[in-house]
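Participant: With the hints as your guide, set chains B and C onto chain A.
Chains as they are written, first to last, in the numbering used here: chain A, 1 to 292; chain B, 1001 to 1430; chain C, 2001 to 2273.
It should be emphasised that the hints constitute simulated quantities derived from the structure, not laboratory data.
Keep in mind it's a predicted model, so treat the numbers as computed, not measured.
Cβ atoms here follow ideal geometry from the backbone N, Cα and C, with glycine treated the same way.
Zero decoy hints are in this set.
DSS-like, lysine-lysine: derived pairs with alpha carbons at most 25 Å apart: (1) A/Lys-167 with A/Lys-131; (2) B/Lys-1359 with B/Lys-1371; (3) B/Lys-1076 with B/Lys-1417; (4) B/Lys-1417 with A/Lys-257; (5) C/Lys-2129 with B/Lys-1417; (6) C/Lys-2129 with B/Lys-1076; (7) B/Lys-1076 with B/Lys-1316; (8) A/Lys-257 with C/Lys-2129; (9) B/Lys-1076 with B/Lys-1049; (10) B/Lys-1316 with B/Lys-1049; (11) A/Lys-257 with B/Lys-1076; (12) C/Lys-2129 with B/Lys-1316.
Residues of chain C clear of chain A, computed beta-carbon distances all greater than 10 Å: (13) Thr-2052; (14) Leu-2053; (15) Arg-2057; (16) Arg-2062; (17) Gly-2064; (18) Ser-2077; (19) Asn-2135; (20) Ser-2136; (21) Pro-2162; (22) Glu-2164; (23) Ala-2174; (24) Leu-2187; (25) Pro-2190; (26) Glu-2232.
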Amino acid sequence: MNTQRVAWLFLAPALLVLGLFFLLPVAAAFVLSLTDYDLYALADLRHLRFVALGNYWELLHRPLFWSALGHTFYFVIVGVPLSLAASLGAALLLNSPLARMQAFFRTALFAPVVTTVVAVAVIWRYLFNTKYGLVNYALQALGLHPVDWLGDPHWAMPTIILFAVWKNFGYNMIILLAGLQAIPPDLYEAARIDGASLARQFWHITLPMLRPTLTMVGILTVAGYFQLFAEPYVITEGGPLQSTVSALFLMYEEGFKWWNLGAASAVAFLLFVVMFAVTGVLLRLARRGGEA
Amino acid sequence: MSGAHGIAARWRAALLAGGLALLGGCAREDETQVLSFWAIGREGEAVAKLLPDFEREHPGLRVRLQQLPLTAAHQKLLTAFAGGSTPDVSQLGNTWIPELVALDALEPLQARVDASPEVREADYFPAIWATNRLGGTLYGVPWYVDTRLLFYRADLLRAAGFAAPPRDWAQWRAMLAALSHPERHVFGALLPTNEYEQLLSLALEQDEPLLREGDRYGNFRSAGFRRALAFYVDTFRLRQAPPITNVEAGNPWVEFGRGVYAFYVSGPWNIGEFRQRLPAAEQDRWSTAPLPGPQGPGAGMAGGSSLVVFRASRHKRAAWQLIEFLSRPAMQQRLYALLGDMPARRSVWNSAALRGDAKVQAFRAQLERVKPTPAVPEWERIATEMQLVAAEAVAGRLDVDQAAAEIDRRADAILAKRRWVLDHVGSRAP
Amino acid sequence: MSPRLAKALVNGLLLGGAAVALFPLLWMLSVSFMAPGTASALPPPLLPGQATLENYRTLFVRVGMGRYLANSLLVSSAITLLALACNMMAGYAFAKLRFGGRERLFQALVGALVIPAQVAMLPLFLLLKYIGLVNSFAGVIVPAMATIFGVYLVRQYARGIPDELLEAARIDGAGEWRIFAGIVLPLLKPIMVTLAIFTFLAAWNDFMWPLIVLTGQEHYTLPIGLASLAREHAQDTELMMAGSVVTVLPVLGLFLAMQRYYLQGLLLGSVKG
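Extracted from the complex, chain A is given alone in its bound form (with noise of 0.2 Å):
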């Protein structure tokens, strides 16, 4: 009895702090997007409706909400194998016991994950400048044609990707090293002596070896790169075009530019519903795959 009320009193105070301002607004967020919340609502209660399902109903004929969808979806079947890949080279790379100085270069490789997004998406914005920037003067140096990286429809959304991949790639670098440190090296022992050559090393033995950890580290990543929003804020506030509007962004600018509180709710829970699709579906092939 006492040790129980003990326990309590231990969890009082993040159960209440997660209660009250996480669990209990996400029920109240489902509510609100059943409402026509708006500017007209903030002024005066008597102003609000009670619309069921209409906000997700205009949303899903809204063609700027699929277009979003389509950006994030971009933003996460081009960032996700792209940032993935980096990641495993980068770590298999310092796992190498050819390396050298490898803290260093660890560090190295890590340092852009600790910064802020938003002050490293604002170098981001000059590198890539279309007229003075260092990568279009690179790109002439070399002989190539100047792109216009932020100005194009077609570049923005890739630039943007790349700075994702270059900001987050030392993460899931870290766990990746961790999972290769990880393999029994007498595997390798085992194979070299049969002259397995490199890469079928890595086919039969790393790879399915880390398959565990990359499954997890990629279902994470999808989740995060699901809430692509920050990027685009600071780096082309959308544009051009609206060819950047992820899905966060479209309910940060509907919810807190223009208050439409209802449908930015919906927004916010049609992606909800989206994530948990896309992560149910990997979670499961990764399983089916693991068991084949």
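Facilitator: Just chains B and C, lined up with the frame of chain A:
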């Protein structure tokens, strides 16, 4: 007193002093009122230079100034209202007044104006004053006025054989054609595709209103708006303006000085910017002219900023004193000297500094012809959507008729709540 | 492939990777010392022609970056201290104290990890408006005082504490609070340091929520101040880079000093226990 005690005592004294200072911060409010004042963009830095005089005249008042970035100002104001943290006084773009009035956030000012020796309605431009009056109630006092017109490179025009700036669209088009050399990255005009003011100015030159049926529906399919949109889009299609945003345009002053653009549709503050940023030798190469209309000089946007008092303010008397101070002709003149902001009072326009300035007088001419934008709370969003669709048309994804229909569709959707409020709740919505 | 060639390849690639990772940061540092207006030139300069501190002076004297820096320090420290207290207590309780429904409650919490924080933001804003915390530091601090991730992390680590140790203390008559403070906390010190760094970095770098809830300039944290500056002074490359340096340097320094703990925590948090 031994050493250890001495240190402890000194610490205590320091803490006490710190605590007192904190308490003092609260206690002082009784004698010294702290007035929070929000200014937007460049006005923020300039007005900071005027405030010491105000504080000297009113020893019991201290003004805490906050500068909102222009691009975030609208959102910040709404957030402040939603969060219950509005300032006492604010600068407010006059197209945003309806929105804050709909929220019941602003204090009516007519009684204070009537009693004021400083603020006299007759001295203001009527069309600008009208944008501060909604449903017969006055909510703001015009601070400076703004309308978009033409900045042009007179030397380039002359070199191409044009003695005077264009008066109508046909002349303008001919000049744009003569001055554009896209292969050399030289264009007739700079019209940033993420700014709605240029297209809106063209649209206001038309006879048809932008909204119809008591501002319940969009009226963008009207022949007039489509004419304006077609002129706007054609300028890009004919490669007489580059399809870039103001983010990519970088430093427009330098580019204008280099002759990359011959025309730049912009507001009065750029007179100051050009004077400051271009070398003295280049100053007689450029000038200003009223915006050309479809047939002869057209109307323009009745823009500018007003000063408002928020309803939630607890220092309304002091807030009004600040507005009176900033409305004085002398202060208007100083603001003009600092930034080139056009005074809202006609008497200031008769002062020597403005009278002798040809580049400024073009604005005076246009200010007598300006038209307000629709006074609905949704206007900022409708204008934003209008420009987003227009940018699609510029990119060739929509033709003019499709774009006009799309803008109407979006405007109608945005106004849906307004229609409901008007029909069901009655007279509250302006 | 000869061993020497392989070695050169591996280290060459690492060097290239490190260069790509560090170049933008070094470029930022270099440009921040350039005189205003000199970075936008062709060819783009890599080093300042004449190094100057003018941008930093503008930043602190005219723009008021010092205020944002102080705000960031205050908010991040407060969040770190309070979140540490809440998360340590809860994590310990989930790991070592017995009470009805413990496992189910914990699983429910972990399940809630899939809900993105942004779903809660809109109603949370209305809630804080109602309590009067909009545009105050408390509006940023209070909702961050406990995190599911933190509770989870502490629980995973605290499960390693032997029960016999706690039982022995109880038999000796020690109260639960004394056991927690005297025995458990010292044992949890490594995870405490890790969690503290994590929380501090996350609070420092947080953008979306402070952007929403801190409406007044006097409350801006560095990222918000910087984003606002980026919209107002977009043409002033050198000034913006100085602002980025001020924002990034403290966290980069903290990371370099405490790297070991940070990386450990990163692994602990990601490997399912």
